[in-house]
Structures are given as C-alpha cells and as structure tokens.
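J.: Make the full structure from the sequences, and use the hints.
2 protein chains.
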Amino acid sequence: MYNIGIDLGGTNIAAAIVAEDGTIIRKGSTPTLREREYQPILKDMAMLALKLIEEEGINLEDIHSIGVGSPGTPDPENGIIVYTNNLNFKNTPIRDEIRKYIDKPVYLGNDANVAALGEYECGAGVGYKDLVAITLGTGVGSGVIIDEKIIDGSFNGGAELGHVSIDFNGITCSCGRKGCWEQYSSATALIRDAKEAAAQNTDSLLYKMVDGDLDKMNAKIPFDAAQAGDEVAGAVIDNYVKLLAVGIVNVINIFQPEIIVLGGGVSAQGDNLIKPLKKEIINEIYGGEEAFKTKVQVAKLGNDAGIIGAAMLYRAYEK
Amino acid sequence: MYNIGIDLGGTNIAAAIVAEDGTIIRKGSTPTLREREYQPILKDMAMLALKLIEEEGINLEDIHSIGVGSPGTPDPENGIIVYTNNLNFKNTPIRDEIRKYIDKPVYLGNDANVAALGEYECGAGVGYKDLVAITLGTGVGSGVIIDEKIIDGSFNGGAELGHVSIDFNGITCSCGRKGCWEQYSSATALIRDAKEAAAQNTDSLLYKMVDGDLDKMNAKIPFDAAQAGDEVAGAVIDNYVKLLAVGIVNVINIFQPEIIVLGGGVSAQGDNLIKPLKKEIINEIYGGEEAFKTKVQVAKLGNDAGIIGAAMLYRAYEK
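For the protein sequence lines, the chains are R and S, in the order given.
Sequential numbering of the first sequence, starting at 0, is according to numbering that gives the first Met the number 0.
Sequential numbering of the second sequence, starting at 0, is according to numbering that gives the first Met the number 0.
Read the hints as simulated data drawn from the structure, not as lab findings.
Treat the hints with caution; some may be incorrect.
Any copy will do: because identical chains look the same in the list, a pair fits if it lies in one copy or spans two.
[Said to hold, decoys possible] Subject to a maximum C-alpha distance of 35 Å in a straight line, what follows is the list of computed DSBU-like cross-link-like pairs (lysine-lysine):
#1 Lys89 to Lys241
#2 Lys50 to Lys177
#3 Lys103 to Lys177
#4 Lys277 to Lys89
T.: Structure (structure tokens):
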C-alpha cells in the first residue's frame, strides 16, 4: 500500500506517492495561486494526486490514505483549517472537499508538525521514541512527536517553541512578546546580527564578503567568514550558538526527548553548527556531559519532510 | 475496587485507600526515617498499606493496584527509583520490594508528576483532556498530563518547566543555568524580593509587618501588605505576577493545554493571584483575550494530590 502526501505551500502544492518506508515513488507539483478561493485550490490538490496515481500506473485501491500538511491552525479531528494568513482559508473543510474527488481517508496537520512527523517516521528520528524538530528559518518553527503522536495541544496551536521567551526584557517579537527564542535563533536573527556587526566593522571579512552591500547578507556568510578566521563573524556565530543552546536546553528540560533534529537554512551548516552547539549545551545543562542524553543532529529529509510526513499522518491518527 | 496511593516524602510516608472517584476512604502515615536503607523504608510502606486494609475491614481482593509517588528520578517501566537526593535510593527496586509483601501491580512516578495526575483525574483537571500543574513552592515544580499520560520524556527527568530559562543573562539558578523560571516565580523568589524591598524601605508596611525582622518574611505577607495599600509590597507583587505570566505564557505556547493548575504555597492566594495573573497573560499572549483559551486556576486537592495521584497511576500505565 501507498499513501499520498500533499504539502500545501503559499507558492506551490507539492504531492507524492509515498511507500510505507518513506520512499517517494512519484512526485509532482502545481502552483497554489493563493489568491483563489479554497475550492479550486483543493480541487487542484486532488487532481494532482489523481494524476500521480495515473502516471505511476497504479490504482486507487493501492492508496491507503491522503495526508495534507498546511500552514496555519488545523482542526485535524474535523479535517478543517481553522485559519491561516497565507491563504484565503477560514474554517475550510479540507477533508470534505478533497473527498469530493477521491474517496479515501484524508488526514490533516500543520506544516511544521507534519515535517516533524516525516523526520520521526522516515528521517533522522527513525528508531527513537520521541523527537522534537526545530526549524531555523525565517522564524523558529517546531514540531513535537511522542509515541507516534503529534503534540500540539488542545487548541491545535501548541508546540510554538519559537515563541518561548528566553529574555523577558528582550527584543520585541512579531507576536507582541519580548525575547521570543526566534528573535535570537532564526536565520533572520542571524542575518540581522551579522549585518549589524558588518556595518560596525567595515574592515572585517564579514563586510568584504558582501562587497559592502549589507542586503547581500545571508545565513551562510557569517559561518564562512568565521571559518576563515574573521573575528567579527566569529563573535556573531559564538553568540548565535550560545543562544541557540539556551533554547535547546529549554527544550531538553521541557521534553527530554531522545532526539532533537534541526532543520531550516542554518542547519545546512552541519557540524560547523552542531559541534560548537553541543559544547554550549553541555555547559548549560544540569549535570553536564553525563546528563546530556538527548541526541542533537541535523534533519535528514530536507524539503521532502513535509510531503513524507503528510503521507505518514495516518499513523498519528489511526489508533 | 480500590487503589492504594502512597506518597513517599523525606519526612513522612503518607498512604490511603482511594476509591475510583478519588475519594480517600482511609488515610494513615508513618515516619520515613530517611537515613535508613531502602529495605526497611519499603517494608514500612507495605505494612502501612496492609494496616489500612485491615483497619478498613476490606480484603486484598478489593485492591486493584498500589501506586507510589517518590521524589527523584523514577524508571516507571522497571519500577525503580534511579536516583533521589532526599533518600538513600539509587537504582532502588521499589516495585519488587513492595511485592515481597503485597502481590499486586505496583506503579511508580515522580512526586510532581503524580500530584499533577491527581489533579487531572480527581481535582481541578476533571473533564479536561490535558493539564499542566505548576507548583509555586521552594522551587517551581511541574507535571504535564496529556490524554491520561504523564509526559516526562525519554529519560524520566522531563517536564522540568521550572528550569526553562526566561532570562539568559538572569539570576544564576541552583542547576547552574541563568534565569530559570523558578528564580522568579517560586515562593522562595517572592520572599527574596520582598525581603530586599522591605530592607530598602524601612518605612513600608511590608517592613512593619515583619516587625523589622526580615527572617519572618513569608510568601503571604507581601500579598497582605499590597492588599492593605502598601506601594512597596504592591511593586513586589506586580513584578512577581508579571514574571509568573511570562512563564505561564511560555507553558501555553509550548503545550496549549486546556487547563493549567497552580499549586504550592503562593497559590493559596486564590483570586488575589489569579485575577492579576490573567490580566498579565492577556497582555502577553499572541492574539490577546480572544486567543486565551487555556483555563488558569488554583489546584483543588492540596496535600492529598500526591496520594490520590499515586492511587491513579494505574490509569496512566494500564493501556
């Protein structure tokens, strides 16, 4: 049996036929055209799934379920997206609409949670009982899986770990709070700090690497400059890693998961990030190295985590 | 059927026969004498249970299980206390030892988690799907229950919400970290701040209420002085409530539980605490009052939460 995973994004709808072990059998995509009403968007999702089935030469009987990862707040029980600011969705009946075209069980999850489920079932989390996925991107996204279940609270908006305040007098967040973790550990925060440091140190390699044009700054450049020995970039990275460790030790003290996986742009640094991060975690954790039992590593599935996790949603709900 | 709940403390062992609805049928206690080896302590626990059964005039057949709440780190699966610094316990086989005297299923949990389970099954949490219990005492203790299960991580040391840092440059905690929540929201922290404010304002009511002897300060006095209009005490309470709200909104953003119950000394303030706290939470939460769906209230079972929760442990594990 296969499952269909659909990753609904603001720009593209990506879908795939996924085998039980997480292998992508056939993948396709279609533009979201997000200004549209929900009906044509959901019809396109269903049509894309049917097209993949036809192209692969299999039958509907070979498909066990359809899973959808969506931005916003889902109500998985009722198959509804309650709200998302990326699309014209408000109390949108995802399940019922898709089932107009394909008569299969339809499962629904928030995109960050679904990507975490993908890593848990088929990626870096295979073999572990519980996993917390942290995405270091525009913000700090998160998903928590315990015993194959998505932990997202009673109002489907839970596990917003990026909005845990780590400095009650700190930087004001878009959510209105002060000192939210994502203000220090997102790629956006790293770029902000690197720009600031470069502007204040125009003789630094960090400044030279953007040719004096701060708009060229990205999350990779400060790591590269630090590796090349630039002290200004080194200080930016040290501070970034230190505060990332503060947030990760919070996660460990909250969930004590077997594994934390880091995804998103900054995680592409691999060991450049993970090695100094583990050192800081050991400094920060109660009991030191001996007590540091949670594995911390980068995510494995990359952009496919969303599709694969969506295809695995049935495992979280069919129990 | 009844269950036996045993609350193992550093000073006393309390035990009770508990009905399915959480009613305590008969309660007793015996001194822990904590300097002893584990064998006589566990024998006393079993003997206390047997004595209660005999006094009540029921039979062992009327007892379904025995639950034990213990300080320290339990390994519930194997019925072992891995470690506790309150007692001479290290990899101590609680289950096997008790079963030498009483041949019944024995379940084991950390005392904070077990008290949370008590509130969930029989106290303020009845009727809710998930609950986070926060104890404002010597430290900030916590227990998380979701779908009748204790969420304590893969290494049985999880849900240490008191050790979430809310100020990465803040007050150094006994755990070694900086800015742990319990450094701001424990009764200990409130007393520390009240002492400091009284010492600096010897004309305040706060100072007068301890007769100028700061060692008389407790967690009730600053609330009483603030109620009586003392501005110095008012500022201490305002700051305490504000930082308690920071931690509570963290908990909401992490777990989005249906209910958070507050226990421990400070919670005895009831509405004096809860009303201003809710105001601060609404200021702090994303989406304001409309988005504030989690109930926040004081715990109901008081000191009996531990015994009742221990008696209910079977519900968390027999599935």
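J.: Quick one: which hint numbers does this structure break? Sort them smallest to largest.
T.: 2, 3
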